[in-house]
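Going down the list, the sequences are from chains A and B.
Note that UniProt numbering gives residue 307 to position 307 of the first sequence, counting from 1, and the numbers run on in steps of one.
Note that UniProt numbering gives residue 37 to position 37 of the second sequence, counting from 1, and the numbers run on in steps of one.
Do not take every clue at face value.
The list makes no distinction among identical chains, and a pair is therefore deemed to hold if it is satisfied within one copy or across any two copies.
[As the list claims (entries may be wrong)] Below, simulated EDC-like cross-link-like pairs (lysine to aspartate or glutamate); rule was C-alpha separation at most 20 Å, straight line:
(1) Lys-147 <-> Asp-459
(2) Lys-270 <-> Asp-44
(3) Lys-23 <-> Glu-123
(4) Lys-97 <-> Glu-279
(5) Lys-270 <-> Asp-459
(6) Lys-31 <-> Asp-218
(7) Lys-97 <-> Glu-129
Bear in mind the hints are in silico, worked out from the structure with no lab data behind them.
Listed below are the residues making up each chain.
Protein chains: 2
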Amino acid sequence: MKKLLRLVVCASALAALAFAQDKVDLDTIYKIKQEAFQNSKVMDHLWYLTEVHGPRLAGSPHYKAAADWAVKTLKDWGLDNARLEEWGKFGRGWENKKFTAAMTEPSYMPLIGAPQAWTASTEGVISGEPIIALLRTDEDLAKWKGKLTGKIVLTESPREIALHDKADDSRYTDAELAELATGQISSGMLRRPPAGGPPQNFMQMMAFRRKMNDFLRDEKVGVVLSGTRGDFGTYFTSNGGSRDPKDPQAPPMVVLTPEHYNRIYRLAEKSIATKLEIEVQNQWYEPDQNNFNVIAELPGTGKHKDEIVMIGGHLDSWHSATGATDNGTGSAVMLEVMRILKKLDLKLDRTVRIGLWDAEEEGLLGSRGYVTKTFADRSNMKTLPAWDKLSAYYNVDNGAGKIRGVYLQGNEAARPVLEAFLAPFKDLGVTTVTSRNTGGTDHQSFDAVGLPGFQFIQDPLEYSTRTHHSNMDSYDRVPREDMMQMAAIVASLVVDTANRDHMMPRKPKPEPRAEGRGPMGF
Amino acid sequence: MKKLLRLVVCASALAALAFAQDKVDLDTIYKIKQEAFQNSKVMDHLWYLTEVHGPRLAGSPHYKAAADWAVKTLKDWGLDNARLEEWGKFGRGWENKKFTAAMTEPSYMPLIGAPQAWTASTEGVISGEPIIALLRTDEDLAKWKGKLTGKIVLTESPREIALHDKADDSRYTDAELAELATGQISSGMLRRPPAGGPPQNFMQMMAFRRKMNDFLRDEKVGVVLSGTRGDFGTYFTSNGGSRDPKDPQAPPMVVLTPEHYNRIYRLAEKSIATKLEIEVQNQWYEPDQNNFNVIAELPGTGKHKDEIVMIGGHLDSWHSATGATDNGTGSAVMLEVMRILKKLDLKLDRTVRIGLWDAEEEGLLGSRGYVTKTFADRSNMKTLPAWDKLSAYYNVDNGAGKIRGVYLQGNEAARPVLEAFLAPFKDLGVTTVTSRNTGGTDHQSFDAVGLPGFQFIQDPLEYSTRTHHSNMDSYDRVPREDMMQMAAIVASLVVDTANRDHMMPRKPKPEPRAEGRGPMGF
């Protein structure tokens, strides 16, 4: 009992200490919450980004249109320096312009699916029997050589489909959050490959995929079909070919909802007369026409106005839906944060800057390019002057669920600061500051050069089960309440960080690290 | 305590009495289970009915092809009198032969959907802006008169889409089965409308729908779009027009997955330039070319061989999927029962007959026609000789879930018999005999003329959430284990019923009852 009491006293003392250093302005937070919840525009931003300007595939004209809309919107609100900013080379642009697919025998069935990105158009309508040609080894390629010209080819076995005995939607339980709050060996360290390259099997897989694509292109295959995970009409897409203008185009590749793929496969397997009709028209664009990040600022007015607090999320998406939860939500929340801060005309000591990033889906390209030209080159860790001036970067890219806490990326020195900043939001479900790393998005570009980059813990909702990279990443799957909560919390954190006496504590400056280490280039 | 003991004794005595009357032959059940589980063909039957011959819309050539396949299969197994049998008039046949739908502005998006059955083709490709015209009252029709010619019209508000916080798949818990086992006032009685017709609001709704269809046809509308329940790419279809060759065709009507419908609606609502391209080609067939039930028999060899035990399920389906759980499953299970009984060459006192019914989805038409011409006319309750010879009819049409019990339809006299017959299957999850009615399928055609017609309690799985009348009523959603269990249990019940000393007890003979009483004609 006594021991427990001491512990409680000790914890309170720590909290008091943190609060002493990092007192939050509850009046300001009240105003922010009022604006975020009573006068929210966050779903409007999301709607324009998704249903009007989506999909926002990097390199495509629709990405550019979404970026233009964001710049105009930020300008209309009166932000400074709202602009498109080049970040580097991307390669060819690509968009699907027509996709029709149907079974016509043994019975008519329109097929649910889409082409993979950066794959070729079909030569008009491809019509005929599907052929099963499982391509997994060099022997498979040899076996099928000369037999697939003009054909509709199934290269994969049917997908396993199970009954849905778990809900697609979930929120973190207290127990799950408590588990998440425990430390673990940095997954980033664990994930770093041993000797200058990604894992062997990944490289082998990529090499065989290139070889298979070359084979299928040389065969002049009609179209390649495959199933994906998902079901009920939901399928998942990614890229099927190269953006590099020097590379030949990948053959026409189409993914289908697995119920449809499986039916076609089983009919072909049992030699039931089956006929498909598939047409794909994809448009290619000249390289590097649409590669821009969106940047804008609210200038600080205090003695630290040359220092910066950044917020961001990636603006690009995959192509088979409108990119609502990945990452229309993060982009819309960050836009809303800027709107709220401007509208409330809050005093900001430091300058607040928003970055909406291009080409996250292809390897965090937009944010990496921005960080390299603005802050530091991680390959040699030569820093630019701005590297000393960035206090923190906050990123939202974990779907549509409300914020439940934050990942420190091992930056323990930032713990008391962020605990203090988040303390006023316990009633909104924010309870967890974890030392853990989380990967896969743009805060990593900052973290990689020793800048404090943070990504939030968000309720999972249907992100991993249904929307992430699927054709059902739709506006309707985003709950307004979660979006308003995120905007209120990020806006408050930004003000707290901008007005703090000191910059956010950092981890030790990292060693230089060569490019191309992992699958995503990290 | 004493009272409880007496009760227990009493229940045991009853059970003993039932067993004395209705002993089951455990050796036969063992053989049936061996064949049903070790040598199952039930998924093969399902596969041919769905992926080869589905969809099986009543009146369509594919329905006929599925029925022909079933007859041939039953003949190949050596069953007697396997045949197509006419049951009455159906009206025009209809099949979708082409459906393409896409948004081309503001961005390209192939639309997931299908035409409603018995609606017209579009006049080629309909291309243009969608128009919102909510049609709910006569005033709405007057307001839009002359304004919809050739247009793509949205007649409904967007659909509410919620996060999926419950699993789509479920099985009955013990508590739910216990609740189901309690009596309730017959839902059939409650559902019977008061004065010779269905509820007023239903009649009003149908009348307005006819008026709206007439209006839209007179307007020469391009195509009517609507959302449906469902999501993630799943939508639900039914009929949109009349089968009666004297009626004009309903206008072209298309349903879309709600995420797509909602996007189109919101874009139109906010006047964002939006363009759709939709083409529907439907094929109409001469009336009454494909209206057949499938009938076959295993002749009894005992002293009651002129008496009959029937099993069945409906063979027809809706049109936007392959009709796996509604009711490929019931048809495949009943085919498998016949295969097992024939294969095992069991001694059957009574004759066993299978009926796979046409046009259940349009009002139990095939089974009603069969019952009327074979057993009794329920309008005057004049019975034919066979009415005295039918012991029982067992039906499967509650999806893909295994059997958990049986509905007595108020036939309490049958309770001890069915409790005894089902007792050997407790370990397979069969526990519940309920007095309750269940409606909506072909056992009602028998029950309506006083014949013992039974439908089983089945685990719900994804029937009401995902597959029932949806475009995702697919082979992949049917678990093999559940199908084998159903076949084993129905086969055993059939043998028990065929070899029982007496016919199944009946309810009192019903009063004559005019046609057209309810929405389904009941």
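Hint check:
1. Lys-147 <-> Asp-459: neither (49 Å within a copy, 47 Å between copies)
2. Lys-270 <-> Asp-44: Classified as between; 11 Å across copies, 51 Å inside a copy.
3. Lys-23 <-> Glu-123: Neither way: Lys-23 and Glu-123 sit 65 Å apart in one copy and 69 Å across, limit 20 Å.
4. Lys-97 <-> Glu-279: Answer is both: 10 Å inside a copy and 17 Å across each meet the 20 Å cutoff.
5. Lys-270 <-> Asp-459: Neither: 45 Å inside a copy, 31 Å across copies.
6. Lys-31 <-> Asp-218: neither (63 Å within a copy, 57 Å between copies)
7. Lys-97 <-> Glu-129: Classified as between: cross-chain Cα gap 18 Å, same-chain 25 Å, threshold 20 Å.
Consistency with the previously given hints fails for numbers 1, 3, 5 and 6, ordered from lowest to highest.
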